[in-house]
Amino acid sequence: MIKKYEPLTESYYYILLCLYKGPNHGYGIMQDAMKFSNNRVKIGSGTMYTAVSKMIKKDWIRDSITTDDSDDRRRTYEITKEGTDILYGEIERLKELLNSAKLIEDKI
Amino acid sequence: MGKELKKSYRTYMAWNYEKEEDFINENSNGGWQLIKGGCFHSVYEKDDSKKYVYKIDYNPKTIRESIEKKRYIEMFEDLGWEYINSTYNGWNYFRKEYDENSDASEYEIYTDHSSYREMLDRWCKLGKVIFAVELIISLLYTFIAIKHMDIIIGIEAVLFWGLSVWIKKGLDIMNGKMQDK
Numbered sequence: 001m002i003k004k005y006e007p008l009t010e011s012y013y014y015i016l017l018c019l020y021k022g023p024n025h026g027y028g029i030m031q032d033a034m035k036f037s038n039n040r041v042k043i044g045s046g047t048m049y050t051a052v053s054k055m056i057k058k059d060w061i062r063d064s065i066t067t068d069d070s071d072d073r074r075r076t077y078e079i080t081k082e083g084t085d086i087l088y089g090e091i092e093r094l095k096e097l098l099n100s101a102k103l104i105e106d107k108i
Numbered sequence: 109m110g111k112e113l114k115k116s117y118r119t120y121m122a123w124n125y126e127k128e129e130d131f132i133n134e135n136s137n138g139g140w141q142l143i144k145g146g147c148f149h150s151v152y153e154k155d156d157s158k159k160y161v162y163k164i165d166y167n168p169k170t171i172r173e174s175i176e177k178k179r180y181i182e183m184f185e186d187l188g189w190e191y192i193n194s195t196y197n198g199w200n201y202f203r204k205e206y207d208e209n210s211d212a213s214e215y216e217i218y219t220d221h222s223s224y225r226e227m228l229d230r231w232c233k234l235g236k237v238i239f240a241v242e243l244i245i246s247l248l249y250t251f252i253a254i255k256h257m258d259i260i261i262g263i264e265a266v267l268f269w270g271l272s273v274w275i276k277k278g279l280d281i282m283n284g285k286m287q288d289k
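Which chain is which? The protein sequence lines are A and B, in order. Just so you know, our numbering puts 104 at position 104 of the first sequence, and the rest follows in order with no gaps. Position in the second sequence (first residue = 1) + 108 = our numbering.
DSSO-like, lysine-lysine: derived pairs with alpha carbons at most 27 Å apart: (1) B/K169 <-> A/K57; (2) B/K159 <-> B/K144; (3) B/K177 <-> A/K57; (4) A/K35 <-> B/K204; (5) A/K81 <-> B/K178; (6) B/K178 <-> B/K233; (7) B/K177 <-> B/K144; (8) B/K115 <-> B/K127; (9) A/K57 <-> B/K178; (10) A/K81 <-> A/K42; (11) B/K177 <-> A/K58; (12) B/K204 <-> A/K54; (13) B/K177 <-> A/K42; (14) A/K58 <-> B/K236; (15) B/K178 <-> A/K21; (16) A/K54 <-> B/K233; (17) B/K154 <-> B/K127; (18) B/K158 <-> B/K114; (19) A/K54 <-> B/K236; (20) A/K21 <-> A/K81.
To be clear, the hints were calculated from the coordinates, so they are not data collected in a lab.
Please work from the sequences and hints to get the whole structure.
Printed below as a string of structure tokens:
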């Protein structure tokens, strides 16, 4: 049976997490991912492009039309309903992983 | 205003693209800044005032899909890269001014294994088609050469076999890169 939620790569996960907060552009996503991960996850342009174009194809995110900041011509992205479901699924999976570790924590 | 220009007729193969990247970066250190990259022909401009880090990236979507090309270039620009040009066959050149105080990660475009592999795989898909075509031509030429006992066609067949082996080697090198980074 094919699993509904495949584990996401860190880049995918952080991009979805950042866009869950609200529409953002590439630079904003990169900054947020760094902030969330204490400077550990830095997403490069090639990785960001590959992830974003893949997720657009999968309909997890889409181009967002910004109405405010008319002079800001940067391309921004937003999360879709499907992407939100994927993100929730991943968060559940991560919680389960963490809980599993806690079960044997005293033995580590 | 007119800066000194230098043309370079240097060719490189997809599986050696990092070597070309190194070569371009060495030129930048020496004050020659790439202003147009190409698989056969590049142009440099003399400028000693700056130092850049150059990157070559393969993305065949820039050949025909103009919307995707725009998205691609904008993403690089958004993350601080200056777009230089694209070749007819999907290679793209970018640069960022070098700052010795910056972290090395500032100049990485692939920051996880899976996306790096995907980029190489985009080329390998094309490489496999070229290899298959070469192989068919080689077989065809061999067959005709034997049937007609024609030495010229025989020589051509050998050349095509050589090309096939060469492309197969390139594919193996690309596959090697996918394994070990």
